[in-house]
Every structure is written in C-alpha cells, then in structure tokens.
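Peer 1: Residue-level listing of the chains:
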Amino acid sequence: MQQVFARPQSLKDVQTHFCPGCHHGTVHRLVAEALDQFGVQDRTIGVASVGCSVFLYGYFDIDVVEAPHGRAPAVATGVKRAKPESFVFTYQGDGDLAAIGTAEIIHAANRGEDITVIFVNNTTYGMTGGQMAPTTLVGQKTSTSPYGRDKKKDGSPIRMAELLAQLGGVAYSARVAVDSPKHVLEAKKIIKRAFQYQVEGKGFSFVEVLASCPTNWGVSPLVANARIAEELIPYFPLGVVRDDERDNEA
Amino acid sequence: MSKRLFVKGNEAAAMGAIEAGCRYYFGYPITPQSDIPEYLSREFPALSGEFIQAESEVGAINMLLGASACGVRAMTSSSSPGISLKQEGISYMAGAELPGVIINISRSGPGLGGIDASQSDYFQSVKGGGHGGYRIGVLAPNSVQEMYDLTMLAFDLADRYRTPVMVLGDSVIGQMKEALVPNPRPVCTLPEKGWAVRGKGDGEQRVVKSLFLGDGELEAHNWSLYAKYQEMKEKECLSEEFQTDDATLLVTAFGSVARIAHTAVTMAREAGLKVGLFRPITLFPFPEQALAQAAGRAGRVLDIELNTGQMVEDVRLTVGAGIPVAFYGRPPGAGSLPSPEELFEVIKKHYV
Numbered sequence: 277m278q279q280v281f282a283r284p285q286s287l288k289d290v291q292t293h294f295c296p297g298c299h300h301g302t303v304h305r306l307v308a309e310a311l312d313q314f315g316v317q318d319r320t321i322g323v324a325s326v327g328c329s330v331f332l333y334g335y336f337d338i339d340v341v342e343a344p345h346g347r348a349p350a351v352a353t354g355v356k357r358a359k360p361e362s363f364v365f366t367y368q369g370d371g372d373l374a375a376i377g378t379a380e381i382i383h384a385a386n387r388g389e390d391i392t393v394i395f396v397n398n399t400t401y402g403m404t405g406g407q408m409a410p411t412t413l414v415g416q417k418t419s420t421s422p423y424g425r426d427k428k429k430d431g432s433p434i435r436m437a438e439l440l441a442q443l444g445g446v447a448y449s450a451r452v453a454v455d456s457p458k459h460v461l462e463a464k465k466i467i468k469r470a471f472q473y474q475v476e477g478k479g480f481s482f483v484e485v486l487a488s489c490p491t492n493w494g495v496s497p498l499v500a501n502a503r504i505a506e507e508l509i510p511y512f513p514l515g516v517v518r519d520d521e522r523d524n525e526a
Numbered sequence: 063m064s065k066r067l068f069v070k071g072n073e074a075a076a077m078g079a080i081e082a083g084c085r086y087y088f089g090y091p092i093t094p095q096s097d098i099p100e101y102l103s104r105e106f107p108a109l110s111g112e113f114i115q116a117e118s119e120v121g122a123i124n125m126l127l128g129a130s131a132c133g134v135r136a137m138t139s140s141s142s143p144g145i146s147l148k149q150e151g152i153s154y155m156a157g158a159e160l161p162g163v164i165i166n167i168s169r170s171g172p173g174l175g176g177i178d179a180s181q182s183d184y185f186q187s188v189k190g191g192g193h194g195g196y197r198i199g200v201l202a203p204n205s206v207q208e209m210y211d212l213t214m215l216a217f218d219l220a221d222r223y224r225t226p227v228m229v230l231g232d233s234v235i236g237q238m239k240e241a242l243v244p245n246p247r248p249v250c251t252l253p254e255k256g257w258a259v260r261g262k263g264d265g266e267q268r269v270v271k272s273l274f275l276g277d278g279e280l281e282a283h284n285w286s287l288y289a290k291y292q293e294m295k296e297k298e299c300l301s302e303e304f305q306t307d308d309a310t311l312l313v314t315a316f317g318s319v320a321r322i323a324h325t326a327v328t329m330a331r332e333a334g335l336k337v338g339l340f341r342p343i344t345l346f347p348f349p350e351q352a353l354a355q356a357a358g359r360a361g362r363v364l365d366i367e368l369n370t371g372q373m374v375e376d377v378r379l380t381v382g383a384g385i386p387v388a389f390y391g392r393p394p395g396a397g398s399l400p401s402p403e404e405l406f407e408v409i410k411k412h413y414v
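Chains C and E, in that order, give the protein sequences. In terms of the working numbering, the first sequence has 289 at position 13, counting the first letter as 1, and numbering is strictly consecutive. In terms of the working numbering, the second sequence has 296 at position 234, counting the first letter as 1, and numbering is strictly consecutive.
Hints are not guaranteed to be accurate.
Below, computed lysine-lysine pairings styled on DSS-like, alpha-carbon distance capped at 25 Å [to be verified]: (1) Lys428/C - Lys417/C; (2) Lys262/E - Lys288/C; (3) Lys429/C - Lys417/C; (4) Lys288/C - Lys271/E; (5) Lys478/C - Lys468/C; (6) Lys262/E - Lys478/C; (7) Lys468/C - Lys262/E; (8) Lys262/E - Lys239/E; (9) Lys65/E - Lys239/E; (10) Lys468/C - Lys458/C; (11) Lys255/E - Lys295/E; (12) Lys255/E - Lys297/E.
By construction, these hints were calculated from the structure, which means they are not laboratory data.
With these hints in hand, go ahead and build the complete structure from the sequences.
Peer 2: Encoded structure:
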C-alpha cells in the first residue's frame with residue numbers, strides 16, 4: 277500500500293507541550309517538511325529563541341543552539357559565519373523578534389546574512405501568560421492591556437514582513453497564515469521558497485506566520501482560527517512582500 | 063627566536079589572538095580598545111577570517127556565542143560600558159559551557175565615566191558579572207608582552223574548561239607601546255569539542271543550551287559548573303612575586319598599577335626597606351595559595367588598586383584575620399593615575 281502521509285524525518289516522534297489549538301505544531305511540521313524536501317536535515321543548525329518555541333530541540337531532530345531572548349539572528353549570524361556550509365534557521369515569536377530582538381533582526385537582515393527566519397506572530401507573549409506584544413492589535417485585550425491596546429499610549433502593531441522587506445540585505449520576505457487548509461498549503465510553498473533562497477546561497481529570507489494562541493486569547497481553537505481570518509489578516513495582509521528573483525524578472 | 067616588535071598593547075592582544083588561531087571576531091567600537099577591531103579588520107581578510115562590526119555589544123556577544131557553539135576559536139573585545147551590555151551573553155555562554163575570549167580594555171565609571179585607566183570592574187569581572195552563579199576565567203596583563211601571551215592563554219583555558227575567559231586590561235596597558243616578542247603559540251593538548259553543533263549528519267543530535275527544567279537537572283548543572291571552577295582554582299592560578307622572600311611588607315596589585323607599584327617597590331628596596339610585590343595574573347582563579355604563603359612570610363599587606371577597594375576583599379579573605387591588610391586606592395578619572403613616588407610615600411607610611 278502506498279503511504280501518502282507520514283511524519284517528516286526532521287521531526288522527532290514525540291508529543292509536544294503546545295496547548296490545544298496552538299499553531300506551533302503545524303508550523304514545526306511545515307518547517308520540517310521543507311528541511312526534508314531540500315535534504316538538509318543533516319547539515320542544519322536551528323537557533324531556538326525564548327518563548328513557547330524554546331523547546332525546538334525537543335521536536336526537531338537537528339542540531340540546535342539556544343539563543344537568549346531576541347538574540348537568535350545574532351547567534352545565527354555567528355553560526356553561519358563559522359559554518360557557511362550549514363543550513364541555518366531561527367524560529368522566533370513576536371515578543372522575541374519584534375520587541376526585545378528588534379536590533380538583532382534588523383541588522384542580520386540588513387547584512388543579508390544567508391539564513392532563514394521563521395517568525396511566528398500570535399499577537400501576544402505566549403509563554404509568559406498573554407501580555408501585550410508589539411504585534412497586539414489596537415483594542416486587543418491582554419493581561420497587560422486589560423482595557424485594550426491604546427494606539428496613543430502603546431503605538432500600533434508592527435508589520436515586520438513589510439518593515440524588513442525595505443532593507444537591502446533581504447532577498448525574500450512574506451507573510452502566511454495556517455488557520456485553514458488552503459492557507460497551510462500556501463504557507464508550505466512559501467516556507468520552501470524561503471529555504472530555497474538559502475539553499476542556493478542567495479541571501480536573507482523571512483517568513484512571518486500568523487498563528488493562534490487560543491489559551492492566551494481566551495477562546496476555543498475554532499474561534500481563534502476565525503479571529504485570524506477576521507481580525508489578523510485584514511491588518512497583517514498575507515502574501516509575498518519581496519521576492520528578489522521574481523521582482524528582478526518583472 | 064622571534065624578532066622584537068614595538069607595538070601597542072591592544073595590537074599585541076589582536077596579534078596574540080591570531081597566533082592562537084582565532085579567525086572570528088565580533089565587536090562594536092568603543093574607546094580605548096578600538097585598535098583591536100581595527101587591527102583584525104585589516105589582517106583577517108588575508109587569513110580568511112570573519113570580522114563583523116556588530117550592531118551592538120549585545121549583537122557581538124551573541125555572534126560570539128553562535129560561532130563558539132560551532133567549535134571555532136572566536137572572540138570579542140570591548141570596554142567597561144560595552145562589557146556591561148555583554149553580560150547577558152556571557153551568562154548564557156557560561157551556562158551553555160561555551161568557550162570564547164572577551165578582551166576588556168576597561169575604562170572608568172560608573173555610567174559613562176571617562177576613558178581613563180581604571181580597575182573598577184574587578185568585581186564585575188571576577189564575581190560573575192551577569193545573572194546566575196557562574197565565574198569566568200579572568201587574566202590581568204601588566205605589559206604589552208602579556209597582552210599577547212595571556213590572550214593566547216585565554217583561548218587555551220577557554221577550550222580546556224569550556225568557559226568564557228576575559229583578558230582584563232585598561233587604557234594604560236592597551237594604549238602603551240613597548241617591546242613585544244611575538245612567540246609562537248604554546249603547544250598543548252586540548253579536549254575534543256564533541257559538544258559543538260555541526261549539522262548532525264548521521265550522528266546524534268547536539269544541542270547547545272542553558273535551559274534545564276527537569277527535576278534536579280539545573281542543580282546538578284550548577285554543581286558541575288562549581289566543580290569546574292574548583293578545578294581551575296587547583297590548576298590554573300598564576301601570579302608573579304618580586305622581592306617577596308625577605309619582605310616584611312607585601313604589596314599586592316594587579317595589571318597596570320602593579321607596574322607602577324613595581325617601581326615603587328624598587329625605590330623602597332633602594333631605600334633599604336624590605337618590601338615585596340605580589341601580582342595576581344589570574345584574577346579568577348585567584349592565586350590564594352601563593353598569596354597566603356607570601357603574606358604569611360611578610361606578616362603585613364598593603365593592597366593598591368585603581369579603585370576604592372575591590373581586590374582587597376579577596377586579599378583579606380585569603381590572608382585571614384591575623385594579617386593586617388591596608389588599602390590604598392585611586393578611583394578613576396583624569397589625573398588620578400598615581401606616580402611611583404606617590405606609591406613609595408604610601409609604602410613608607412605603612413612600613414613598620
């Protein structure tokens with residue numbers, strides 16, 4: 277009998293600690309599938325960040341370096357420069373990448389480091405219990421914005437995919453979601469495209485993944501998925517913001 | 063024999079790093095250490111080295127973390143305010159047991175302070191500096207030659223003990239020029255880096271991390287770090303003694319001020335005073351045994367530092383309550399560097 281669906285080789289056969297309805301598991305799978313497809317598992321060095329995704333090494337069967345909060349792009353820079361033959365990706369949340377690690381991501385991107393960044397944006401700090409993130413939507417209630425994010429006081433949510441796309445070192449920048457089968461399939465293609473840039477040594481690639489956090493949003497997984505479609509995507513539009521090869525052809 | 067060169071202390075440290083096989087440098091400009099990145103940015107291309115001027119001190123130390131995790135010899139350099147920013151990364155490197163060399167050409171503080179020679183970062187350097195109970199190796203050169211030699215040693219110690227090692231100088235040592243014999247790197251056997259990430263290939267997964275959440279894991283990790291620091295104390299202490307055999311007053315000083323104290327002790331000897339100098343070269347591990355013996359023979363200690371009293375606490379802990387320890391310090395700032403004559407007067411005052 278032909279096997280049509282199996283666990284990617286780059287993922288371990290273990291249970292994750294993620295909450296019911298959390299999208300990290302889906303994103304892990306898409307990343308692992310892309311590693312498998314390019315056959316780079318054995319030369320991959322992943323860089324884990326601080327947050328719910330810190331246990332990357334527990335789920336991916338690859339070598340991993342754990343970075344301090346926000347510093348994954350700097351750590352990945354050191355890794356890639358020391359071992360340019362390796363495939364290097366960071367996996368970071370929105371508090372990690374868009375708040376405490378803003379300097380590191382902007383400058384790694386601007387240097388055009390030959391790495392791939394997977395940025396999981398769930399508009400909140402998941403691991404610490406649902407505080408306001410730089411990506412929290414205006415009006416969104418969190419444990420530190422109990423009356424809703426106030427644009428006057430807290431500023432507006434940062435659109436990282438667009439921001440980074442402005443930098444000269446960035447070859448590829450895109451935003452995807454994994455709230456529906458259609459979006460998952462699109463996300464899979466885009467993550468592969470991002471990895472392809474690195475496999476071919478063509479520069480810095482970035483994929484922002486809109487993800488749910490039902491636990492900290494205080495809703496069911498279904499309602500959380502609906503929120504992505506109804507609230508997140510209108511503010512954080514899906515699509516490829518920059519694709520140097522495509523854009524140069526055009 | 064190698065020829066003699068006439069170079070700056072900072073350049074000597076950079077040359078020592080190259081001779082030690084370091085080909086990865088990550089740093090951010092700050093006075094008075096910028097000669098180091100300038101030298102390496104000039105020399106590395108011909109050596110196929112990687113030089114990155116990082117976006118920040120934080121970026122630089124984390125690039126060092128990443129490169130060290132791959133098992134290569136890598137370094138950063140900075141000066142006091144920059145070293146404060148690096149403490150997060152140093153703590154993570156200590157926790158993940160990563161080697162790496164950090165050159166600190168320290169300056170005066172607190173805050174922005176000034177760029178004058180200072181030893182106010184003794185505590186920060188030897189007591190941990192960042193969060194969590196860790197230590198790093200700390201080497202205190204007192205000459206351009208030692209900037210070169212101790213930088214090479216720092217790489218060996220870092221690899222042997224899987225720990226960050228700091229070379230702690232100041233603007234006197236970093237900026238002065240004197241003769242250097244650029245000796246070849248000493249031959250030594252170092253452990254294999256079987257822990258370094260490399261892309262797992264057909265082998266077992268390797269993880270470089272400092273997070274330990276399992277029951278008892280972190281406690282065991284901390285005891286294992288402690289055991290490593292104890293081993294460093296047993297095996298790696300370095301110090302230098304000058305005229306201590308018959309001394310009845312022992313001067314203790316490290317780094318740049320030890321050079322000035324050395325002249326003052328020579329003046330004291332010429333005046334017939336039995337004064338000796340004890341200079342710790344490793345500040346961590348602190349050379350307790352050698353100091354206790356020298357202080358025991360002399361019966362009296364005068365500690366001299368470019369601060370209001372930091373190493374003196376370790377001196378007092380080492381020599382015990384039976385031996386009086388006096389302190390003379392000049393906190394940093396323009397015009398605060400003591401002359402040999404000034405220290406000679408202080409020695410005379412404390413000489414019984």
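Peer 1: All the hints need checking, so say for each whether the structure fits it.
Peer 2: Quick rundown of the hints versus the structure:
1. Lys428/C - Lys417/C: holds, 15 Å
2. Lys262/E - Lys288/C: holds, 14 Å
3. Lys429/C - Lys417/C: It holds: about 14 Å lies between the C-alpha atoms, which stays within 25 Å.
4. Lys288/C - Lys271/E: holds, 18 Å
5. Lys478/C - Lys468/C: holds, 14 Å
6. Lys262/E - Lys478/C: Satisfied, since the Cα-Cα distance of roughly 24 Å is no more than 25 Å.
7. Lys468/C - Lys262/E: It holds: about 21 Å lies between the C-alpha atoms, which stays within 25 Å.
8. Lys262/E - Lys239/E: It is violated: about 47 Å lies between the C-alpha atoms, which goes past 25 Å.
9. Lys65/E - Lys239/E: holds, 16 Å
10. Lys468/C - Lys458/C: holds, 16 Å
11. Lys255/E - Lys295/E: holds, 22 Å
12. Lys255/E - Lys297/E: holds, 21 Å
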